[in-house]
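Take the sequences, apply the hints, and build the full model.
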Amino acid sequence: MSLITTLAQLEAVRTGRAQPAATVRHRHLSAAPLVFVPLTTAGEAGAPLGALVGTDRDAPHLLVVPQPRDRDLRFGFLAELADVVLPYLEAYADAVEPAERTERDSGTGARVKVEVELCADAAQIVVPSRAGVEYVRLLGRSTRFRRTAEQDPQAPHPAPPRVPLLGRWLTHYGERARVPGSSLLLAMTDLLGRHWATGQSTLEDQHLGALLAWIDPPAGGTGAEAAHRAELAREDGQLLCPPAGPATDPAFDNKLLAPAIERYDRARLALAGAEDGLAADGLLRALTEAEREVRDLVESRTRPTWDAVWRGLELLRRLPEGARVEERWTRDRWSFTGHRDRVRSGEPPQPRRDDAVTAANKLAAREREQARLDAQEALDDPLVMAGRRLSGEAFAGEVVDVVMTYSEGRRPSPRPLVTVLTDDRPHLGERVKVYRSLGGRAQTAEFVEQAGDGVLVVRIVDKMGRGKEPEPGSVPEKGDPVCFTLFEHEQRGGARLPEPEDTPWTHGGPPGAEGAVAEAPDAPTEEDVL
Amino acid sequence: MDKASLAERLGAPAPFGQSQFALTRGNAFEARVKADGGAELLRLAHEALDRGAEPPARARLPDLTATGPEGRAARTALALREATAEAGSWTLLDHPMLALEVAGSPAFLEPDAVVVHPDGRWTVVEIKSFPMLDGAADAAKVGAAARQAAVYVLALERVAAHLAGPPEGPAGAGAPRVRHRVLLVCPKDFSNLPAASAVDVRRQRAVTARQLARLTRVEDIAAALPEGVCFSPELPPEELTAAVEAVPAAYAPECLATCELAFHCRGRSRAAGAVTPLGRPVRAELGGLTTVDDVLAAARGEAGDPDDPVVAALRRAATLREQALREAAEVAACR
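So the sequences go chain by chain: A and B. Residue numbers 1 to 530, in my numbering, belong to the letters of the first sequence in order. Residue numbers 531 to 865, in my numbering, belong to the letters of the second sequence in order.
Bear in mind the hints are in silico, worked out from the structure with no lab data behind them. Heads up, none of these hints are tricks.
In silico DSBU-like links for lysine-lysine, alpha-carbon gap of 35 Å or less:
(1) A/K255 with B/K718
(2) B/K533 with A/K255
(3) A/K463 with A/K362
Far from chain A, some chain B residues (derived; all Cβ distances over 12 Å):
(4) A607
(5) A615
(6) E616
(7) V672
(8) L755
(9) P763
(10) P767
(11) E768
(12) V777
(13) A779
(14) G818
(15) A833
Pulled from the structure, derived: some chain B residues nowhere near chain A, Cβ distances all over 12 Å:
(16) K533
(17) A694
(18) D730
We treat Cβ as the ideally placed atom computed from N, Cα and C, and that holds for glycine.
Here is the structure:
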């Protein structure tokens, strides 16, 4: 974290309000994102307790598992979730625009352009916190290998029809969330933390309620007080601002949820043992009542978080979108389209473990995207650039002199020497390349010399056209403000990796026989009692 | 001392607690792992740690019940000695009791289990209820489990040194060795079937050993306190606060995850205007400037030595930040 953010944090402590850590919005926000606020059962992996999900702030779908250890109820929850999430995803999958993609011809190895479809927009899912992103991955992992009755009539506990498909999509979103700068699956705490600096540590910023309190304190109070209240205030032993989940507060589990689930279990048992229709009627009423109680409890813990996420979206929308955010979103759209195509062509679900080539590719992509994100955020946002200037990775100033020189050779090209007056102290060596943004593209220059305190001379080497005289506007003039960076604006891909079928033996060889066999579903668990 | 009730009396109750769902699940899983005389647990230990040894067919399961922690610790030491002397078979100690000196006073520890291998070496077993998904578990949780196991390893080493110490043992039976690879047992994927993995805790063991050696002894802390200080939760909150203030504390956000008094210390640290509540890296970045007021004054040029590199960087940062915000405001005004 740069000293500039630290200063912002200290200002926040002093003023009691969060301070801007960015002047533009660095992530794409969909016009209609799907907000997903899941809750999980403590101590169980992949046993959801309930969720609020939907695209309408005023009408979320409430999904509840009244007994999280019951497999059928859990499947019911997942089927309902699939009924909400999949139509949302599919609506985006069907609206396409034509696009071109460069592919390598498998025979000749030549690069050829191929006409393909690109989804005009992609579905965006927003969860409250980073733990929520992990939970989406976990749900994806727990469902994508399930078999439906149609796929495997012998399966002991067939999953509802669309659940494995939901698992594949959630897995894709969870995986994409690991790519820096991607916006398919976003955590609200990360989003807010990126754009505001609060007067608390980044650890405490993981609490959505407290983070939001700093950014948007209630009238008449400071953010610090509101954050403290959000973190700790309790009534009857229950937190006033429930944690954003998916984990619940132990006090809630023990005092409210456990008794309610127990009542539900008892009512179900009683109904199962009902002797005649009349008694069954009453018992059914009791069961419905018990179920409603659990539903109310789950809603009471998710609704504040749901509102907080939407409030956060509202605050973020007030920031203007960064200039290069759209370009990164296009990459997300490619990712979305790619997964859509894999699903449609009937490929099997993502494997439990990636093969060597896929894993290496993913890692390389993440590194590349991180570098791209760092560069683009700085170019989009003067506040981020200020941090890079402070650390000596960029310098900004005014052009005080331009001297035209030419390269030697048969066809002399313009190589103007530009003298910049700056207060910055960049780490420059001789002939170090520097870049500036010229109409969205990077123009390269070489550092020539330091002509005095804060006086730097650079030689511009490209983007001036083909003629002897540089094209108008391609060379800065005296008095122009300029900003050069020491980092590149565009990221070049690394060396190409071999195709998976050419994996060398040092890396396990081509995915062979065991890879060809479809991954087996998880063994049924004995936990599913009742 | 009961720090939790102390924190409650101070008006900053600890946020810790365990959900009964997690507790039930954890206990059920541990019972399952240890069921049937620990057959499953020993099978996992054999598979993950000691494939060369004889498969555990008939393991010994000594009774470790005794009165009081001292009694149980002594019983455990005895059982360990017997098991080690009887080489060639597997022994499982279920919930043994170990003593370890922490800051000059004894602390009693209860690992989930300790396995004695046929070669007479000992392994600590940690049973956790977080899942091992496709062979990998949450790194943070594994790290915490490794640190916990490292303390048990240290305590076991003390027992081992003790057993080897007095010359009464059979001649030639060298000191029993504690293995530095512990067995971590977790539920496999989404099931409650156990999966085990060997975790090397040498590094954690070294860190803990160094920290234990460096800890200020309790007597020294007590000696530094004014006469008559008492931490009884029955005292009125004002007196209690004063008593707690008498003990120096160095709050950092990491405390929140581990200490019952963290919220109290955080409140005090914030009230004092310290920068550490923002995080240790922030504190490290600011050199000799430790309070919010000092830093802001230095950044504004009202105080501080301009030749100090930290002060110079702060001023530069403040100027750049102001410039950038002004620039953004101008752009916004044009729109």
